[in-house]
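Q: Read off the chains here:
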Amino acid sequence: MTIPLTEHPETGATGPVHALEVRGLVKHYPGVKALDGVDLVVRQNEVLGLAGENGAGKSTLLKALVGLVRPDAGEIWVRGEKVRLKSVVDAADHGIGMVFQEQSLVPNLTAAENIVLGSEGPGVRRGIYRWDTMRRLAQEQLDKIGSHIDPLARTDSLSFAERQMVEIAKVLRIEERTSNPPVIILDEPTSVLESKEIETLFTQVRRLREFASVVFVSHRLDEVLDVCDRVAVLRGGVSVGEMPTADAVPTDLHRLMIGSTGSDDHYHEGLAERSADEGEPRLVVKGLCGKTFRDVDLEVRAGEIVGIVGVHGSGREDVCRALFGAEPTLAGEVTLDGQPLDLSGTRAAVASGVGYVPAERKIEGMVGPMSVADNMTLTKQKSRCAGPMVVPQKQASLVDKWIERLSIRTPHRGTQIGRLSGGNQQKVVLARWLVAGDIRLLLLDHPTRGLDIGARSEVYRLMRELANSGVATVLLADSLEEAIGMSDRIIVMSDGRATTEVGCPSGGKPTPLDLVKEMV
Amino acid sequence: MSTPVIAEPASNPAAEPAIVKGGPTAAQRVTSFMPVIALVTLLAALTIADPDFLSQRSLTAAVRTSAPLVVLAAGATLVVLCGGIDLSIAALCSLSTVFFAMWLPDVGGLTILAVVAAAGAIGAVQGIAHVLLRIPSFVVTLGGMSIFSAIALVISDAGPIRVVDRDATSWLNLYVAGYVPMSFFVAFLVVAVISLVIKLTPLESFVRATGYSESAARLAGTPVDLVKVAAFTVSGACAGLAAVMLASRNFSGSPTMADNLLLPAVAAIVVGGTAITGGHGSLWRSLAGALVVTLLRVGLPIVGVPSAWEQILYGAIIVAAVALTLDRSKVAIIK
Chain A
1 MTIPLTEHPE TGATGPVHAL EVRGLVKHYP GVKALDGVDL VVRQNEVLGL
51 AGENGAGKST LLKALVGLVR PDAGEIWVRG EKVRLKSVVD AADHGIGMVF
101 QEQSLVPNLT AAENIVLGSE GPGVRRGIYR WDTMRRLAQE QLDKIGSHID
151 PLARTDSLSF AERQMVEIAK VLRIEERTSN PPVIILDEPT SVLESKEIET
201 LFTQVRRLRE FASVVFVSHR LDEVLDVCDR VAVLRGGVSV GEMPTADAVP
251 TDLHRLMIGS TGSDDHYHEG LAERSADEGE PRLVVKGLCG KTFRDVDLEV
301 RAGEIVGIVG VHGSGREDVC RALFGAEPTL AGEVTLDGQP LDLSGTRAAV
351 ASGVGYVPAE RKIEGMVGPM SVADNMTLTK QKSRCAGPMV VPQKQASLVD
401 KWIERLSIRT PHRGTQIGRL SGGNQQKVVL ARWLVAGDIR LLLLDHPTRG
451 LDIGARSEVY RLMRELANSG VATVLLADSL EEAIGMSDRI IVMSDGRATT
501 EVGCPSGGKP TPLDLVKEMV
Chain B
1 MSTPVIAEPA SNPAAEPAIV KGGPTAAQRV TSFMPVIALV TLLAALTIAD
51 PDFLSQRSLT AAVRTSAPLV VLAAGATLVV LCGGIDLSIA ALCSLSTVFF
101 AMWLPDVGGL TILAVVAAAG AIGAVQGIAH VLLRIPSFVV TLGGMSIFSA
151 IALVISDAGP IRVVDRDATS WLNLYVAGYV PMSFFVAFLV VAVISLVIKL
201 TPLESFVRAT GYSESAARLA GTPVDLVKVA AFTVSGACAG LAAVMLASRN
251 FSGSPTMADN LLLPAVAAIV VGGTAITGGH GSLWRSLAGA LVVTLLRVGL
301 PIVGVPSAWE QILYGAIIVA AVALTLDRSK VAIIK
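Sequence order for the protein chains is A and B. Using UniProt numbering, the letters of the first sequence correspond one by one to residues 1 to 520. Using UniProt numbering, the letters of the second sequence correspond one by one to residues 1 to 335.
Any given hint might turn out to be false.
Here are some chain A residues the structure puts well away from chain B; computed CB gaps all over 10 Å [stated by the list, open to error]:
{"id": "1", "residue": "74"}
{"id": "2", "residue": "119"}
{"id": "3", "residue": "124"}
{"id": "4", "residue": "133"}
{"id": "5", "residue": "289"}
{"id": "6", "residue": "331"}
{"id": "7", "residue": "390"}
{"id": "8", "residue": "401"}
{"id": "9", "residue": "405"}
{"id": "10", "residue": "512"}
Covered by chain A, according to a simulated footprint, are these stretches of chain B (three or more residues, beta-carbon under 8 Å) [claimed, not checked]:
{"id": "11", "stretch": "220-227"}
{"id": "12", "stretch": "268-277"}
{"id": "13", "stretch": "311-322"}
Cut-off 25 Å, straight-line C-alpha distance, at most; resulting in silico cross-link-like pairs (PhoX-like, lysine-lysine) [stated by the list, open to error]:
{"id": "14", "chain 1": "B", "residue 1": "199", "chain 2": "A", "residue 2": "394"}
{"id": "15", "chain 1": "B", "residue 1": "199", "chain 2": "A", "residue 2": "286"}
{"id": "16", "chain 1": "A", "residue 1": "196", "chain 2": "A", "residue 2": "517"}
{"id": "17", "chain 1": "A", "residue 1": "362", "chain 2": "A", "residue 2": "401"}
{"id": "18", "chain 1": "A", "residue 1": "401", "chain 2": "A", "residue 2": "382"}
{"id": "19", "chain 1": "A", "residue 1": "82", "chain 2": "B", "residue 2": "199"}
{"id": "20", "chain 1": "A", "residue 1": "196", "chain 2": "A", "residue 2": "144"}
{"id": "21", "chain 1": "A", "residue 1": "394", "chain 2": "A", "residue 2": "382"}
Calculated from the structure, these hints are not laboratory results. For glycine and all other residues, C-beta sits at the position ideal for the given N, C-alpha and C.
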């Protein structure tokens with residue numbers, strides 16, 4: 001695939017020497033092709049947006065650009081020079097710096113210390129900190145972005161937005177290492193900011209463009225279109241296109257992100273059998289409080305899929321875990337089919353017929369070195385036992401049955417689950433809750449994270465089938481589109497509270513923008 | 001300015017191979033046979049150094065010496081499989097020898113059971129402290145080690161206590177089938193029974209899941225805490241049984257009798273190839289590891305190495321064995 005050279009939107013200059021260029025970058029992880037031949041061009045003094053769904057390969061690409069990930073194949077060119085980036089320091093020497101999604105400042109140091117940390121230069125002489133020099137160096141950095149933060153303020157006393165400014169000031173230290181204008185990567189910089197703070201950040205980004213190139217990554221398409229000159233889209237580890245933002249609308253971008261396969265019945269809505277408002281609620285949550293959420297009310301009927309949406313920090317993941325007994329609760333009543341639900345621990349939840357699929361599949365969802373069979377029967381041990389003893393034949397026939405029913409692609413039931421592809425791993429994790437046939441409530445935390453489109457579709461189909469068999473489902477979707485496509489109702493959470501409920505029946509689905517309005 | 005450039009990927013992203021990696025690597029294969037290779041190599045080397053070594057008499061003696069170590073390492077292996085470590089086994093074993101010598105006159109024939117039960121209970125307390133107070137097992141058992149040593153010194157008046165009734169444990173000095181020392185037979189039986197119970201019940205899944213990924217095990221609803229407490233209980237009970245073997249051989253109990261067995265026991269576990277990070281391994285491996293360590297111990301004087309070098313060797317063995325077996329991809333930060 002080639003990306004044609006186009007004129008720079010502002011200078012009008014055509015030039016083959018780009019600030020940064022990526023050619024055919026490939027990175028495979030066991031079970032996942034994170035990058036499968038990515039091409040990307042970052043021009044001088046431009047803000048390039050990088051868009052793509054979860055699992056599209058954005059994070060891996062960014063990590064490759066700052067030397068945290070070694071690509072399996074492909075080339076990275078900085079200002080017409082081919083480079084091999086071995087570490088963050090190496091990347092900094094080439095003028096590439098990144099502001100990380102999870103903030104990477106040391107909270108109990110001052111802003112000045114954080115800014116010069118790792119590149120103290122004249123701030124340290126003979127191993128001794130020279131505070132006035134440090135302060136001056138930090139102030140220079142803060143002046144570059146026109147920030148008025150006190151360099152001697154302790155970092156944990158600053159607001160999120162201020163800390164972000166400190167991060168940007170810190171990353172601009174790479175200017176000391178190279179004579180060329182730097183490339184600054186901002187990974188989801190707005191996810192924890194409020195709208196006023198976002199404006200400040202955008203002003204900052206536009207200021208950066210005066211002397212640097214910026215790569216801006218965000219889930220919010222309107223932001224990308226607002227602040228970027230051009231946007232490149234990744235899907236499934238491949239560059240699928242790019243467009244100038246001047247004449248683009250979010251739907252164009254979105255179509256590019258999810259691909260054309262998203263247009264037909266991707267979410268298997270045709271399979272949904274149940275009609276709304278049928279029967280008694282299976283799960284009733286009243287006034288549930290925990291460390292990160294308060295007064296959450298929630299009802300889910302048998303056979304219903306209820307999505308919970310919310311931005312980072314809305315507390316929806318913790319509500320999900322609390323319902324599974326994996327997160328302590330402070331107050332509230334929860335009943336399942338009229339019986340009080342014991343939230344004291346995961347064992348109690350399992351015994352009540354509650355199942356949970358965690359977002360972090362590789363760490364929390366499965367035990368990688370154990371076999372497909374042992375992972376599948378890990379929870380419902382009775383399903384493979386007679387009395388206290390495991391009966392291998394019983395396990396074998398049960399597991400083989402589910403491998404066939406869910407069309408899990410594995411050479412054998414004894415294969416280590418870590419060797420399967422992501423989609424097949426997830427199907428085994430889901431099967432864990434199904435083998436005993438006693439599941440009543442299924443809590444799905446990002447069940448399609450990191451899966452390719454084909455595997456997603458199979459997980460969606462499975463969710464529909466489970467719902468049709470009467471399982472109540474709570475879904476924390478990977479994207480708003482997924483939440484809308486799969487859910488019968490959507491609860492919007494914000495700052496730890498369930499703020500709105502949006503009906504989401506087949507044929508009367510809200511648009512992502514409708515939901516975004518409720519979320520902010 | 002032209003219209004947006006939209007290019008479709010040529011390849012179908014759904015056409016992902018089901019299997020990404022192949023079988024075990026060469027290094028994994030070597031480490032899985034490591035204890036057997038080490039055992040055979042050692043035997044061969046010692047036989048070359050001293051052709052008399054491969055006699056029934058010296059082999060019987062070596063195997064009998066290994067019995068307490070086998071039991072000690074077997075119990076601690078369970079804790080390691082669960083992802084923890086039990087540093088208190090040697091101190092608890094010493095304390096148990098004191099218990100044994102002190103209780104024998106009063107309790108009589110049931111002393112063995114009483115000592116094993118007491119040591120098991122002490123192990124359980126450590127397990128409960130680890131689970132309930134959420135303290136790393138390393139810290140709990142390091143504290144335990146110091147406490148048990150001190151208790152042993154206090155109740156024994158800091159000296160050995162003679163075993164008055166030698167008949168209570170004389171059966172341990174018999175031979176099975178004429179050649180196999182009873183103490184080693186018992187150690188073998190302990191390993192076999194524990195291994196079998198684990199193998200035939202869901203415990204194997206529970207222990208491995210806990211060791212490989214505790215959070216995954218917990219979120220799958222397995223009884224993680226119970227399994228850990230059980231592992232510490234068995235580890236403690238094994239220390240008690242090892243104490244009975246030591247006391248019966250030395251005809252006394254002493255507050256420092258087993259203290260020098262901690263390093264050999266840990267060495268036995270890691271030489272056996274059980275992953276120090278948990279999940280992978282078995283008690284049988286530790287049995288083989290304990291034999292390797294014992295052979296080294298009795299073999300060093302044969303090849304003329306002063307016994308003072310023993311500790312250096314254990315230290316080196318542990319570091320080398322872990323260096324060979326540690327799966328660094330699993331451990332994000334090596335502390």
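Q: State for each hint whether it applies.
A: Hints, one by one, checked against the model:
Under the 10 Å C-beta cut-off, the non-interface status given to residue 74(A) relative to chain B holds; the minimum distance is some 15 Å. Interface exclusion of residue 119(A) from chain B stands, the closest Cβ pair being 23 Å apart, more than 10 Å. No beta-carbon of chain B comes within 10 Å of the beta-carbon of residue 124(A); the shortest separation is about 26 Å. Even its closest Cβ contact with chain B, about 32 Å, leaves residue 133(A) beyond 10 Å, as expected for a residue assigned away from the interface.
No Cβ of chain B comes within 10 Å of the Cβ of residue 289(A); the nearest lies about 22 Å off, and the non-interface call holds. Here residue 331(A) stays apart from chain B, with its beta-carbon at least about 23 Å from theirs, past the 10 Å limit. With a least beta-carbon separation of about 6 Å from chain B, residue 390(A) fails to lie farther than 10 Å from that chain, contradicting its non-interface assignment. Here residue 401(A) stays apart from chain B, with its beta-carbon at least about 19 Å from theirs, past the 10 Å limit.
For residue 405(A), the condition that its CB be more than 10 Å from all CB atoms of chain B holds, with the nearest at approximately 17 Å. Every CB of chain B is more than 10 Å from the CB of residue 512(A) (nearest about 20 Å), matching its label as outside the interface. Only when three residues or more bring their CB closer than 8 Å to a CB of chain A does the claim for the stretch 220-227 of chain B stand; here the count is 4, and the claim holds. Here's how the stretch 268-277 of chain B fares: 0 of its residues keep a CB closer than 8 Å to some CB of chain A, so the rule of at least three is not met and the hint is violated.
Under the rule that three or more residues need a Cβ within less than 8 Å of chain A, the assignment of the stretch 311-322 of chain B is violated, with 0 such residues. The straight-line distance between the Cα atoms of residue 199(B) and residue 394(A) is roughly 15 Å, inside the 25 Å bound, and the hint therefore holds. With a C-alpha separation of about 44 Å, the suggested pairing of residue 199(B) with residue 286(A) is violated against the 25 Å cut-off. With a C-alpha separation of about 16 Å, the suggested pairing of residue 196(A) with residue 517(A) holds against the 25 Å cut-off.
The suggested pairing of residue 362(A) with residue 401(A) holds, with an alpha-carbon distance near 24 Å, which does not exceed 25 Å. At roughly 16 Å between alpha-carbon atoms, residue 401(A) and residue 382(A) fall within 25 Å of each other, so this suggested pair holds. Of the supplied pair hints, the one linking residue 82(A) and residue 199(B) is violated, its CA atoms being roughly 55 Å apart against a limit of 25 Å. Using a Cα cut-off of 25 Å, the hinted pair residue 196(A) and residue 144(A) holds, with the two alpha carbons roughly 21 Å apart.
The suggested pairing of residue 394(A) with residue 382(A) holds, with an alpha-carbon distance near 10 Å, which does not exceed 25 Å.
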